[in-house]
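Let chain A serve as the given structure and place chain B on it in line with the hints.
The primary structure of each chain is shown beneath.
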Amino acid sequence: MKPTGRLTPDTRRWIIAQAEAGQPADALLKALVAAGWTEDAALDALESTLRLKVAEIGSRAPAPKPAQP
Amino acid sequence: MTDHPWSGLACFPLLEPEFITEDERQTALRFLAAHAADFGGTDPDDYWAGRTLTLPQVRDAGMQSLMRDLQHRIIHKVHGLLEERLGPQPPLYADVINFARWPPGYELLPHADAENPGGEPHPYPWRHFASVIYLNDDYGGGAIHFPELGIELRPPVRTLLVFPGTLDYLHGVRAVTHGMRHTLASFLTFDAAHHADTT
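Protein chains in written order, with my numbering: chain A, 1 to 69; chain B, 1 to 199.
Think of the hints as simulated: they come from the structure by calculation, not from any bench.
Computed cross-link-like contacts, EDC-like style, restricted to lysine to aspartate or glutamate with a CA-CA straight-line distance of at most 16 Å: (1) Lys53/A - Glu16/B; (2) Lys53/A - Asp10/A; (3) Lys53/A - Glu152/B.
Okay, chain A solo, but in the shape it has when bound:
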């Protein structure tokens, strides 16, 4: 049984802020593990948060205009 971590809104915000500041994923992984997360749970947290953020950004992108003759 793999231990789990609880992903709070604060942790999500921290992950996004760090990623936007240019921190590489392995640095965030190490930071979460150092804070007591298991590596599996930290990887879940990073993947879920960043995947949702990318989808969120994609949602805001304007739809491509149809080609004009």
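Using the frame of chain A, we list chain B on its own:
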């Protein structure tokens, strides 16, 4: 608030891109276009009237088969994900699976699918997980948002979104501004008493 082991699990909300194939999506869209009348009419006094079509209401054997297959794939996905993280899990069942359509003007205020704030009784406390498959993107508005998590997005078509029914996952849908938003929604439960037979 119930402290389920899966609530707050770092993988939720789960966003699984390309969960269904493009062929499956087109099959669903063709069905929806051909059977729009089966939904019935909307009613300003009945929020869901004319907007859902459950598996037993689908009068197309091929579509029923696809819905059952998708339901099994969703259960397999979620059950496997839970076992990976929490160890052996009891069987997970489908409560309901239905198409949902969202005409312009419809929105859904933030709520949880199995719990109410303040411990008020919820009509569907057995709904441990909700899942949504996104079928189209030719509509305006309609983003799903999780106010407690600071997340608001419109998942790409073919994406599966899964999240627990607990208050940690309060969610709503922004008003659709134009077009028709189509999704395939289902609820999963560990409670066999609420197992809707989809075999």
